[in-house]
Amino acid sequence: MCVLCGAFGGNDHWSDRAEPFSAGRTRRAERLARVQAANAILGAFAMKLDDWQGTAFILATATGRREIVDTLPQVWAMADRILGRPIDPLDPDLIARVVARRAL
Amino acid sequence: MSIPVTVLTGFLGSGKTTLLRHLLTDPGFADCAVLINEFGEVGLDHHLIADVRGDVVLMQSGCICCTIRGDLSGAIRDLYARREREEVAFSRLVIETTGLADPTPIVATIMHEPQIRHHFRLANVIVTVDAVNGAAHLQQQAESVKQAALADAIVITKTDLAAPAVVDALEASLMRVNPPARRWLSANTPPSSDWLLADDTASDTPRTPPPDDWPEHHATGMHHHDANRHDARVHAFTLDFERDIDWNVFAVWFTLLLHSHGADVLRVKGMLKVAGTTGPVVINAVQQLVHPPMHLETWPDDWQRSRLVFIVRDLARADIERSFAAFHAALSRQMVQS
Numbered sequence: 023m024c025v026l027c028g029a030f031g032g033n034d035h036w037s038d039r040a041e042p043f044s045a046g047r048t049r050r051a052e053r054l055a056r057v058q059a060a061n062a063i064l065g066a067f068a069m070k071l072d073d074w075q076g077t078a079f080i081l082a083t084a085t086g087r088r089e090i091v092d093t094l095p096q097v098w099a100m101a102d103r104i105l106g107r108p109i110d111p112l113d114p115d116l117i118a119r120v121v122a123r124r125a126l
Numbered sequence: 058m059s060i061p062v063t064v065l066t067g068f069l070g071s072g073k074t075t076l077l078r079h080l081l082t083d084p085g086f087a088d089c090a091v092l093i094n095e096f097g098e099v100g101l102d103h104h105l106i107a108d109v110r111g112d113v114v115l116m117q118s119g120c121i122c123c124t125i126r127g128d129l130s131g132a133i134r135d136l137y138a139r140r141e142r143e144e145v146a147f148s149r150l151v152i153e154t155t156g157l158a159d160p161t162p163i164v165a166t167i168m169h170e171p172q173i174r175h176h177f178r179l180a181n182v183i184v185t186v187d188a189v190n191g192a193a194h195l196q197q198q199a200e201s202v203k204q205a206a207l208a209d210a211i212v213i214t215k216t217d218l219a220a221p222a223v224v225d226a227l228e229a230s231l232m233r234v235n236p237p238a239r240r241w242l243s244a245n246t247p248p249s250s251d252w253l254l255a256d257d258t259a260s261d262t263p264r265t266p267p268p269d270d271w272p273e274h275h276a277t278g279m280h281h282h283d284a285n286r287h288d289a290r291v292h293a294f295t296l297d298f299e300r301d302i303d304w305n306v307f308a309v310w311f312t313l314l315l316h317s318h319g320a321d322v323l324r325v326k327g328m329l330k331v332a333g334t335t336g337p338v339v340i341n342a343v344q345q346l347v348h349p350p351m352h353l354e355t356w357p358d359d360w361q362r363s364r365l366v367f368i369v370r371d372l373a374r375a376d377i378e379r380s381f382a383a384f385h386a387a388l389s390r391q392m393v394q395s
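If you're matching them up, the sequences are chains A and B in order. Letter by letter, the first sequence follows residues 23 to 126 of my numbering. Letter by letter, the second sequence follows residues 58 to 395 of my numbering.
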């Protein structure tokens, strides 16, 4: 636990165990890359993800709602709850929107 | 070093108990502890040499046998505590499931229960399938298909009691549900301990790459089968990726896929060629339960590319392939641009 802010250490979800594959980048840099990739999807729903202290994520909406979650699966679960419907990576419309946003 | 765990499952009457009896008496399992549902079912009396305490006995073979009283996690923790107190000694654990069980909760207990996951790791899932009734179970019982789909190794029992054509048809069904699983055809000869314990998801030895020579009708789906059959809803396919994989994009996409379709993504296993790394990254998932990805030092001979095997229910290969290709291209390019 961090003695200054009281945050527990990072969780050990498999997606956070990227350091051995990271070709010399730091764990924090890898984590920020995952945040950036997630934002390419969440942006299609007017949501934005931020890293918080390398131990959690903050999921924010355009209306100012902010939720703290620990892992990527929890990010998707919270996004579903906020949207009221699941984000489906197999949905052709979502794929088209993410690809279109890339071109911007 | 964590203790490898083998989960032994199989439908009612599929020969699981016979295989268990073999396990408990074969010196090849001398270093094992075996958690079973109850002693009575395996009839071990003359093989026992010591009653360690109540529900734990030491077999002549040197194997420890223990019944699961109450919940499984309590039984595993208790066994580990006894090992720590040096009351029993073992370096591998085998867990028998009940015949009707979906093995996923047991896999979840091993991989996620806070105390257990620090001392144990899932090594493999072995499934017994009865040659006489196995095909009917696969057609009619969702649990049977789930067991077969999650298997690393399948022991087809009672092959001497079934006509060769029946055995062939069963093998074809199993090939569609889970092509990469190793299979053993057992009339009265159980597989050796080496064969049963060969898989270990945490092993750092190079893996055999998934085969690429499945017959087309096995690899591409089940649209021409009866959709009311449970085994017709499950199929397997491989995805090959030409480009090096951006690990972070894969992690984001895969967590989202498992979050939204995890109940129908029964198994994913294979190797990824991750950008910036030399050896392969081994991926192994049982529904939403993902083994810690392993980075191996070296690739198998003559094989240096990404390939994942998917075993899915009611999902189309083309949808998954299109989704990953689009997300990987879009997200990894976006990250390069920014």
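It is worth saying that the hints were derived from the structure and are not from the lab. Beta carbons are placed, not taken as given, at the ideal position from N, Cα and C, and that holds for glycine. Among the hints, erroneous ones may be present.
[To be verified] Among the chain A residues that face chain B by a calculated CB cut under 10 Å, a handful are: (1) His-35; (2) Arg-50; (3) Gly-106.
[What the hints assert, rightly or not] 20 Å max Cα-Cα, derived SDA-like pairs, lysine to any residue: (4) B:Lys-330 - A:Ala-78; (5) B:Lys-326 - B:Arg-286; (6) B:Lys-326 - A:Trp-36; (7) B:Lys-330 - A:Asp-72.
Against the structure, the hints come out as follows:
{"no.": "1", "hint": "His-35", "verdict": "holds (8 Å)"}
{"no.": "2", "hint": "Arg-50", "verdict": "violated (12 Å)"}
{"no.": "3", "hint": "Gly-106", "verdict": "violated (15 Å)"}
{"no.": "4", "hint": "B:Lys-330 - A:Ala-78", "verdict": "violated (28 Å)"}
{"no.": "5", "hint": "B:Lys-326 - B:Arg-286", "verdict": "violated (25 Å)"}
{"no.": "6", "hint": "B:Lys-326 - A:Trp-36", "verdict": "holds (15 Å)"}
{"no.": "7", "hint": "B:Lys-330 - A:Asp-72", "verdict": "violated (28 Å)"}
Checked against the numbered hints above, the structure breaks hints 2, 3, 4, 5 and 7 and satisfies the rest.
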